[in-house]
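**Q** Given these sequences and hints, build the entire structure.
For the record, the sequence lines run as chains A and R.
Residue numbering for the first sequence follows this note's numbering, starting at 34 and increasing by one per position.
Residue numbering for the second sequence follows this note's numbering, starting at 37 and increasing by one per position.
Read the hints as simulated data drawn from the structure, not as lab findings.
Backbone N, C-alpha and C define an ideal beta-carbon position, used for all residues, glycine too.
No false leads were slipped in.
Quick partial rundown of chain A residues pointing at chain R, CB under 7 Å, derived from the structure: (1) R86; (2) F88; (3) V89; (4) V117.
Simulated crosslink set (DSBU-like; lysine-lysine; CA at most 35 Å straight-line): (5) K39/A - K233/R; (6) K107/A - K317/R; (7) K107/A - K327/R; (8) K327/R - K51/A; (9) K84/A - K327/R; (10) K101/A - K351/R; (11) K66/A - K233/R; (12) K71/A - K231/R; (13) K109/A - K233/R; (14) K51/A - K44/R; (15) K51/A - K233/R; (16) K39/A - K327/R; (17) K84/A - K286/R; (18) K233/R - K71/A; (19) K44/R - K71/A; (20) K66/A - K44/R; (21) K101/A - K198/R; (22) K107/A - K233/R; (23) K233/R - K101/A; (24) K289/R - K129/R; (25) K66/A - K327/R; (26) K187/R - K39/A; (27) K84/A - K351/R; (28) K317/R - K101/A; (29) K84/A - K283/R; (30) K231/R - K101/A; (31) K231/R - K109/A; (32) K84/A - K231/R; (33) K84/A - K233/R; (34) K51/A - K231/R; (35) K39/A - K231/R; (36) K39/A - K198/R; (37) K317/R - K84/A; (38) K84/A - K44/R; (39) K39/A - K44/R; (40) K101/A - K327/R.
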Amino acid sequence: MPVTVKIPVPLQRLTQGKEEVEGEPGTVISLIKSLDQKYPGLAERISEGDKLRRFVNIYVNEEDVRFKENEETKVKDGDEVSIVPAIAGGL
Amino acid sequence: MGFVRGLKCRECGREYSVDPIYVCEFCFGPLEVVYDYEGIKGILTREKIVSRPQNLWRYKELLPIDGEPTSGLHSGFTPLVRADKLAAHLGMKRLYIKDDTVTHPTLSFKDRVVAVALSKAREFGFNTVACASTGNLAHSVSAHGAAGGFKRFIFIPASLEKSKIIASLVYEPNLIAVEGNYDEVNRLCSEVANKYKWAFVNINIRPFYAEGSKTQGYEIVEQLGWRAPDVVVVPCASGSLLTKIWKSFKEMKEISLINDLNTKVFSAQATGCSPIVAAIKEGVDVIRPVKPDTIAKSLAIGNPADGYYATQVVKESGGYGADVSDEEIIDAIKLLARTEGIFGETAGGVTLASAIRLIESGHIDRDAVTVLCITGNGLKTKEAVEGHTGEPYHINPNLKSFEEALEKINSK
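**A** Quick look at the structure:
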């Protein structure tokens with residue numbers, strides 16, 4: 034089972050409208066780079082160099098990667114990765 | 037027609053037309069409403085504002101709708117209370133409470149943002165409105181949505197206080213209680229919002245919704261006699277209110293409703309959830325998310341979307357931040373009630389307790405014209421002070437029993 038990656042609406046134009054794509058295990062940043070091969074432009078939108086952009090939240094199996102090892106968080110076969118823009122709420 | 041020119045990414049500056057979108061397709065930065073201030077300047081005068089009904093729509097040229105408002109026609113214009121007893125207690129000269137505990141109709145400042153969000157949702161043609169909420173927003177969307185005839189989906193963390201759940205259910209929305217904290221509810225909602233074409237007030241309507249917070253700032257300036265305060269203390273969850281209050285002051289200067297702006301903006305958070313204040317204190321731009329643990333549930337956002345911008349406002353204005361314990365929050369709620377007769381919710385306790393810290397540490401000058409933003413009503417979070425108040429005197433229905441109690445009271 035590959036890694037499942039959930040794609041938010043603002044990026045679905047790059048994935049030909051697909052809400053979910055498959056990726057290769059490794060780290061969050063290597064996953065993004067490998068997805069960029071298949072869906073050019075994706076990496077540039079969510080990362081800058083080897084860092085995630087400020088307003089991008091990435092969750093591995095529902096856990097925010099900032100509570101793990103950020104870009105270096107491991108992803109393995111069967112994991113689910115969500116890319117979510119930061120959203121407002123509260124005061 | 038209104039004065040909105042479009043939407044613009046706060047990060048990379050790319051421009052977009054007015055649509056229910058909230059994030060830059062290029063860099064994921066948040067989108068912000070851009071206005072034609074030159075056009076507004078000639079039209080919106082002090083005289084015109086004063087001549088209008090006392091609700092938040094008196095500043096409608098500075099709000100992101102095209103036509104006439106259709107929601108929240110009685111929301112806003114809450115009292116700015118001169119708090120002399122509290123000021124004396126704190127050794128302050130001119131202290132004011134912006135009292136949003138009495139905002140129509142659901143007793144929190146959220147009625148401001150929802151008034152704008154639902155007016156805009158109607159302009160976009162939506163018939164279903166939705167939100168992710170820690171409580172106050174749920175009440176407000178439930179109520180305004182009921183009045184506006186919208187279908188409503190309200191997502192809350194299942195752990196929310198029972199009184200807050202009932203205060204939503206009474207308006208008969210579809211209330212979805214999610215097993216998870218607010219940040220998890222938010223993440224789920226962004227997935228739901230992807231799939232269902234609803235007006236999620238704090239997701240795809242967010243650029244418009246957030247503008248409603250500015251009305252608190254406009255009112256403060258008008259009620260102070262057309263001047264910005266020296267100091268404003270604002271509770272922070274996502275950081276949105278703080279950035280919008282600053283924006284409101286700047287806009288009023290931009291369109292010449294005020295001449296000077298020297299306000300220092302201070303951020304207030306609970307220690308159990310203080311990612312913004314932590315960044316301010318450390319002098320860094322990076323917000324490290326936290327897992328919230330505080331009685332101030334309306335502020336319990338561990339991953340604040342506008343946290344970065346809030347730290348920039350604090351820096352730009354020369355303010356600072358403070359974070360306070362649950363015990364200080366409860367003491368401050370009681371102090372505000374005892375001195376000014378205002379019962380604020382836990383976020384109000386956070387604001388006052390943080391202000392006390394900042395006064396004691398010298399960050400807030402005792403001579404400064406200071407406004408504390410009290411954003412919600414204490415009746416919504418009664419649980420927080422349960423067991424921390426006094427007890428009634430129990431007596432029998434006769435004068436003798438009463439006078440025995442009176443003796444006890446007098447001897448206290």
